[in-house]
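S.K.: What follows is each chain in one-letter form.
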Amino acid sequence: MPPIEMNLTARIRKNLSASFTLDVDFSVPAGITILFGASGAGKTTVLRCLAGLLPPDEGLIAVGSDVLFDSARALDLPVPRRRIAYVSQNLALFPHLSVTQNVQYGLASFDEPSRHERALSILESFRIAHLSGRKPPQLSGGERQRVALARSLVTDPRLLLLDEPLSALDHLTSSQIIGDLRAWNATHGIPILYVTHSHREVFALGERVVVLQNGRIVAEGLPLEVLDSPSLELVAQLAGFENFFDATVLSLDKNSGIMHCRLDGANLELEVPLTRAQPGAAVRLAIRAGDIIIATQQPAGLSARNILPGTIASLVREGSLMSVHVDAGARFEVHVTPRACESLSLHTGSRVWLVIKTHSCQVVSGPAAFDPGLARS
Amino acid sequence: MNWPAIALSIKLAALVCAILVILGMPIAYWVAFSRWRWKFIVESVVALPLVLPPTVLGFYILVALGARSPLGRFWQAFFGHGLAFTFEALVVASVIYSLPFAVQPMASAFSLVDPQLMEASSILGAFRLRTFFRVVLPLSLTGVVTGAVLSFAHTLGEFGVVLMVGGNIPGVTRTASIAIYDEVEALNYSAANQTALALLLLSFAVLSIVYALNRRIWTVWPSKR
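From first to last, the protein sequence lines are chains C and F. Take the first sequence: its letters are residues 1 to 377, numbered as in my numbering. Take the second sequence: its letters are residues 1 to 225, numbered as in my numbering.
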């Protein structure tokens with residue numbers, strides 16, 4: 001259990017334009033916290049204020065008992081003194097320096113032997129020791145990401161800020177990097193603020209999530225709590241998932257990379273992507289309403305493995321789409337276009353079949369369920 | 001061929017080039033990164049030698065260095081002789097005259113360095129001076145070399161300012177370009193030709209270095225960010 005003094009507390013007010021004011025007040029313990037929100041919600045601005053690159057108009061920023069910024073006392077610790085690591089989206093590796101020189105950049109205050117030793121140890125933690133002599137242009141995206149993390153973390157920062165660092169990487173690479181980051185933080189226990197607008201990453205990484213909209217925090221808590229809370233439709237929309245089901249794992253099929261789950265409280269089975277779970281384990285499934293297909297006749301000859309008979313309980317027009325609620329043992333929300341609704345003459349009480357691809361079912365029971373080696377989506 | 005004049009020209013150009021590298025970098029850094037609203041005034045002043053007739057510049061430098069100016073009096077009291085019509089006066093005048101040729105390519109190169117790299121350096125604990133020497137300078141080395149070479153070449157070829165400020169004292173202020181003028185005045189065309197050819201080849205060699213290093217030469221002021 002990391003000491004409670006490591007908490008990041010931040011109260012930031014920053015007027016960026018006539019129509020946009022950032023106004024947030026939050027506290028973040030050690031571990032990964034997702035800062036989640038749509039583009040333009042103010043996520044990057046929060047990070048820049050924390051790092052000291054952008055002065056807040058008013059507020060207080062502290063890590064543990066160390067105050068980094070306090071407008072009331074006119075205190076503003078200069079950026080080089082903040083001991084905050086910040087990995088931006090483009091990584092900002094120094095192109096003229098080798099991997100080792102990049103990693104040693106922040107160690108100017110150490111003598112040569114300990115610089116060397118620290119750099120070597122972090123390069124090994126992030127599995128990039130073999131790249132030490134190369135320059136950034138000669139590295140792959142994932143390797144560059146690892147170098148950027150190593151360069152930031154070798155300085156023993158008290159806070160790590162990550163601005164969508166993995167958005168350009170494929171799923172497997174990014175989750176391996178996250179695994180190494182978690183391993184590193186298991187011994188260091190610093191708060192990590194991870195900015196993303198990808199809901200996949202929220203489920204995959206988040207121990208906590210802070211949701212930002214228009215410069216304000218609209219929700220915070222555990223990812224599932226936050227996304228599940230009925231008062232937070234906005235969050236669910238941001239997350240892009242309309243359907244959540246508690247389920248129990250029935251059987252695993254490691255060869256095909258799938259498993260079967262039974263939805264709790266319903267006599268319904270779904271085939272879903274394999275995760276590291278044992279039969280009998282409780283999992284949570286998330287399915288986007290837009291990923292479900294409605295058929296008016298029992299479909300045959302489809303690759304989709306989940307075909308569920310049901311009855312339409314309601315049809316509501318929501319902007320440019322129809323939200324169809326289907327009772328198929330459990331209640332599914334399905335999005336179709338109004339044209340599709342018309343041509344299939346869907347109406348309340350229609351008998352329909354729901355078609356759901358295996359990989360449209362997201363297993364979201366928390367970080368432990370996320371294993372890239374098994375669950376490739 | 002007038003070797004003393006050519007040697008003097010090279011000595012002057014090398015000294016001015018060295019001074020301008022040291023003096024030009026901080027000015028270029030300021031020009032590239034300052035957000036001061038009146039920055040354009042400084043930019044204009046630095047660029048003035050590009051458009052002023054050398055006689056105008058030479059005249060004012062002469063006045064500023066003369067025996068009645070504060071600088072001239074200070075020099076007289078300190079060194080026991082006046083500043084005007086000395087080699088030192090040539091150096092001062094040439095530094096001013098060649099300033100834009102050093103500052104512009106440097107400022108242009110500095111401003112092309114990705115600001116996120118400078119932020120990253122700062123976040124990693126480096127203050128501005130270290131960021132400059134470890135990140136900005138290595139990434140804009142061609143701009144700095146271009147500035148140095150251009151100021152060397154430009155000093156090598158100057159005429160009007162040297163004549164105004166230095167007079168025409170053999171071995172002291174008679175540079176190659178002035179020697180050529182003298183030879184032509186005296187109708188010694190072949191001697192003029194020899195010196196002129198030497199100067200031509202030297203300038204060509206120097207400029208070839210710049211073009212080989214960097215094709216974005218004769219830069220304008222860096223674009224505003």
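For the record, the hints were derived by calculation from the structure and aren't laboratory data. Treat the hints with care, since some could be wrong.
[Unchecked claim] Pairwise CB distance ranges (calculated): (1) Glu117/C to Gly80/F: 53 to 61 Å; (2) Arg81/C to Leu112/F: 51 to 59 Å; (3) Ala74/C to Gln116/F: 25 to 33 Å; (4) Asp66/C to Arg35/F: 25 to 33 Å; (5) Asn90/C to Ala7/F: 46 to 54 Å; (6) Ala14/F to Asp66/C: 49 to 57 Å; (7) Ala38/C to Ala14/F: 58 to 66 Å; (8) Ala74/C to Tyr60/F: 40 to 48 Å.
[What the hints assert, rightly or not] Covered stretches of chain F, as calculated for chain C (at least 3 residues, CB under 8 Å): (9) 113-120; (10) 124-132; (11) 135-142.
From a predicted model like this one, the values you see are computed outputs, not experimental measurements. Note that beta-carbon positions come from the ideal geometry of N, C-alpha and C, so glycine has one too.
S.K.: Please go over all the hints and tell whether each is borne out by the structure.
M.R.: Right, here's what the structure says about each hint:
1. Checking the proposed 53 to 61 Å range against Glu117/C and Gly80/F shows it holds: the Cβ atoms sit about 60 Å from each other.
2. The hint said 51 to 59 Å for the Cβ distance between Arg81/C and Leu112/F, and at roughly 28 Å that hint is violated.
3. Distance hint check for Ala74/C and Gln116/F: the Cβ-Cβ separation is about 28 Å, which falls inside the suggested range of 25 to 33 Å.
4. Checking the proposed 25 to 33 Å range against Asp66/C and Arg35/F shows it holds: the Cβ atoms sit about 30 Å from each other.
5. The hint said 46 to 54 Å for the Cβ distance between Asn90/C and Ala7/F, and at roughly 51 Å that hint holds.
6. The hinted window of 49 to 57 Å between Ala14/F and Asp66/C holds, with their beta carbons roughly 52 Å apart.
7. Taking 58 to 66 Å as the suggested C-beta distance range, the pair Ala38/C and Ala14/F conforms, at roughly 60 Å.
8. Range check, Ala74/C to Tyr60/F: Cβ separation about 45 Å, and the 40 to 48 Å hint holds.
9. With 5 residues having a beta carbon nearer than 8 Å to a beta carbon of chain C, the segment 113-120 of chain F meets the requirement of three or more and the stated coverage holds.
10. Against chain C, the segment 124-132 of chain F contributes 5 residues with a C-beta closer than 8 Å to a partner C-beta. That satisfies the three-residue criterion, and the hint holds.
11. Only residues whose C-beta sits within less than 8 Å of a C-beta in chain C count toward coverage, and the segment 135-142 of chain F has 3 of them, enough to reach three; the restraint holds.
Violation of the numbered hints given earlier is confined to hint 2; every other hint is satisfied by the structure.
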